[in-house]
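Given next are the chains, with one letter for each unit.
Number of protein chains: 2
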Amino acid sequence: MQKNTITSFHPLERTLMGPGPSDVHPRVLEALSRPTIGHLDPLFIGMMDELKQLLRDAFQTGNEVTMPISAPGSAGMECCFVNMLEPGDKVIVCRNGAFGGRMLENVIRCGGEAVIVDDPWGRAVDPEKVEQALKANPDASLLAFVHAETSTGALSDAQTLAKLAHEHDCLTIVDTVTSLGGVPLKVDEWKLDAVYSGTQKCLSCIPGLSPVTFNEAAMEKVSKRQSKCQSWFLDLSLILGYWEGEGKRAYHHTAPINPLYALHEALCILHEEGLENSWQRHRQQHESLKAGLQELGLELSVPEAERLPQLNAVRIPEGVDDASVRAQLLNDYNLEIGAGLGDSAGKLWRIGLMGYSANAGNVLYCLSALKKVLRQ
Amino acid sequence: MQKNTITSFHPLERTLMGPGPSDVHPRVLEALSRPTIGHLDPLFIGMMDELKQLLRDAFQTGNEVTMPISAPGSAGMECCFVNMLEPGDKVIVCRNGAFGGRMLENVIRCGGEAVIVDDPWGRAVDPEKVEQALKANPDASLLAFVHAETSTGALSDAQTLAKLAHEHDCLTIVDTVTSLGGVPLKVDEWKLDAVYSGTQKCLSCIPGLSPVTFNEAAMEKVSKRQSKCQSWFLDLSLILGYWEGEGKRAYHHTAPINPLYALHEALCILHEEGLENSWQRHRQQHESLKAGLQELGLELSVPEAERLPQLNAVRIPEGVDDASVRAQLLNDYNLEIGAGLGDSAGKLWRIGLMGYSANAGNVLYCLSALKKVLRQ
Chain A
211 MQKNTITSFH PLERTLMGPG PSDVHPRVLE ALSRPTIGHL DPLFIGMMDE LKQLLRDAFQ
271 TGNEVTMPIS APGSAGMECC FVNMLEPGDK VIVCRNGAFG GRMLENVIRC GGEAVIVDDP
331 WGRAVDPEKV EQALKANPDA SLLAFVHAET STGALSDAQT LAKLAHEHDC LTIVDTVTSL
391 GGVPLKVDEW KLDAVYSGTQ KCLSCIPGLS PVTFNEAAME KVSKRQSKCQ SWFLDLSLIL
451 GYWEGEGKRA YHHTAPINPL YALHEALCIL HEEGLENSWQ RHRQQHESLK AGLQELGLEL
511 SVPEAERLPQ LNAVRIPEGV DDASVRAQLL NDYNLEIGAG LGDSAGKLWR IGLMGYSANA
571 GNVLYCLSAL KKVLRQ
Chain B
211 MQKNTITSFH PLERTLMGPG PSDVHPRVLE ALSRPTIGHL DPLFIGMMDE LKQLLRDAFQ
271 TGNEVTMPIS APGSAGMECC FVNMLEPGDK VIVCRNGAFG GRMLENVIRC GGEAVIVDDP
331 WGRAVDPEKV EQALKANPDA SLLAFVHAET STGALSDAQT LAKLAHEHDC LTIVDTVTSL
391 GGVPLKVDEW KLDAVYSGTQ KCLSCIPGLS PVTFNEAAME KVSKRQSKCQ SWFLDLSLIL
451 GYWEGEGKRA YHHTAPINPL YALHEALCIL HEEGLENSWQ RHRQQHESLK AGLQELGLEL
511 SVPEAERLPQ LNAVRIPEGV DDASVRAQLL NDYNLEIGAG LGDSAGKLWR IGLMGYSANA
571 GNVLYCLSAL KKVLRQ
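Quick note, the sequences are listed as chains A and B, same order. Residue numbering for the first sequence follows the numbering used here, starting at 211 and increasing by one per position. Residue numbering for the second sequence follows the numbering used here, starting at 211 and increasing by one per position.
Keep in mind that the hints were calculated from the coordinates and are not lab data. A couple of the hints might just be wrong.
Which copy? The list can't say, so a pair holds if one copy fits it or any two copies do.
[What the hints assert, rightly or not] Okay, derived cross-link-like pairs now, DSS-like style, lysine-lysine, Cα gap no bigger than 27 Å in a straight line:
| hint | residue 1 | residue 2 |
| --- | --- | --- |
| 1 | Lys262 | Lys396 |
| 2 | Lys557 | Lys458 |
| 3 | Lys262 | Lys438 |
| 4 | Lys500 | Lys581 |
| 5 | Lys438 | Lys300 |
Work out the full structure, taking the sequences as your base and the hints as a guide.
Here it is as structure tokens:
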């Protein structure tokens, strides 16, 4: 039997500079291992209330409905779609990378009708094209787009896109998985309606949770649904029975207790640093990395004005073997950088500078290791 | 601003003897805080392969498709329904507690037609009623039932129910959230088709993951679907691209790395103890608890032959205030026991003896604390 040979798993210490997970802060790892308590324990309920407030601060919102979904970012995405969409609803989906494509899949599986606005991978969503689509589809009720495309490193203008949507009576579903904590994201000021994120990027928490926030307009749409939400696990009206309400909380599912401790700790760290300081740090480390890459003769693929500081898509030079470089970085230097996704596989590396990974030491280490491996 | 007052959360050490989460083994908490590595790291992929094998051993199955879903047991349940059901499918749902009711909700939300077989809360599913329903509904394609009802403490005869289902050309969806690791569960021998479980019960891992296993008959039904699975996050064909396959694993979602370390460790501990020994330990501690409760004049509500050793439903004596007893146990003794759910709220306590919680010390502690509080 194979089983007899299996013993405790002890991972190596890696430096995580791919598209996520990012390096997890030691305080977050410590928080993870605090004693598990019950999901209806008054102490835990108190922690949940703090967690909501910390998330509101990170999202820059006063939205009452702000909490983490008990599953990864893809489930946060699905939570937005299954609650905001009803069969037959028309949705304009912006697709400038892998995650726009995943949004489209969600629309289809919810029985929605999708209008696709395509932009090249590695570019921001073009507001002009979006405006044309909104004009051509006055019956559309939703605009869905990705703020920070993890697959390409492109940043889109969420404020402008949301403004266009509202001018055409559409609400927005916005993917902020990679933007939260890393670049300016102002849910209230920009009037973003249904927003989801992830924990394993610029928050430097472990993967597995998806913070979401819904404003009043979004919740009004949810509350006026004619049909039941197709997912029981992701039905907001049920989830809110656990996360909201004065006094008694209704059991929905068993919350992932320890990962929620970790998220609370990660958000405390963000709060101590200050959100603006965190944005500034990501920008600064990106500038250092960019300068170092230039010295190595490496180019970033996204136009400067559309670049995410926390995810750097680097063109793989002619004649360099993608997989072998990444394998050497991992095996010889315990350094993870990301491969290209989809069309950019073999053409791009994705170097993450997210959360705790966005520090001067990591930038130097990554540049030195790349130099060694590329000059072999 | 409220936020300024929020600092790191440090829970008290509780003794968890409710319906789950159970006490988490210290080795599992330590495993949780091991360094996070990438979800496509070859080291992590190797750990995933071990995890599948350890889960097969725990489920007593050779099923290739055996892995944890990256979300709590409710998502594991939904994974079984959204993949096994197509709109219009007729499903016989056994409802003898809260989780049978949740299965019914899943059938409705998948567009299935449900035939309900009701049994009283606190009793096992009655195979005769199930046989009648199967005979009366020859067009049914699925039978769904809960092996161990966490809401009531009743154990049903999964082997007999599965046999009846197969005699009538139905496949089975079986909830083993509370049974896995605590009482005999033999997926292959009993021919259970689509099975889901949880990690925070008799495995004594943290909540947030849902082990599932699908046999060949179940996978054949999944592969012959005419319609797309309504969930992207829970679509087995996509999940398997990450968990299965020789060599390259396709990115689906970012796996919750550290909780998977924890599950691996919890399953190593189960393997070291031996599955049969674990069943035996749960049985033994149940007998001790039962004897002690009798001395206190407390009665178990489920008939002896249908009782779960790991979840003991205790009748609250006349004149005793439910909430105040539980609050005293929690506040004065850091001891959590569970309230009744639904109809049994205020009438029952649920005392869990699950996984690491099922030890002689916990039994004595719980009995002494109950004695103190009840005699005040």
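Outcome of the hint check:
| no. | hint | in the structure |
| --- | --- | --- |
| 1 | Lys262 <-> Lys396 | within (16 Å within a copy, 42 Å between copies) |
| 2 | Lys557 <-> Lys458 | between (54 Å within a copy, 18 Å between copies) |
| 3 | Lys262 <-> Lys438 | within (26 Å within a copy, 35 Å between copies) |
| 4 | Lys500 <-> Lys581 | within (14 Å within a copy, 68 Å between copies) |
| 5 | Lys438 <-> Lys300 | both (18 Å within a copy, 19 Å between copies) |
Figure legend: structure checked against the earlier numbered hints; every hint is met.
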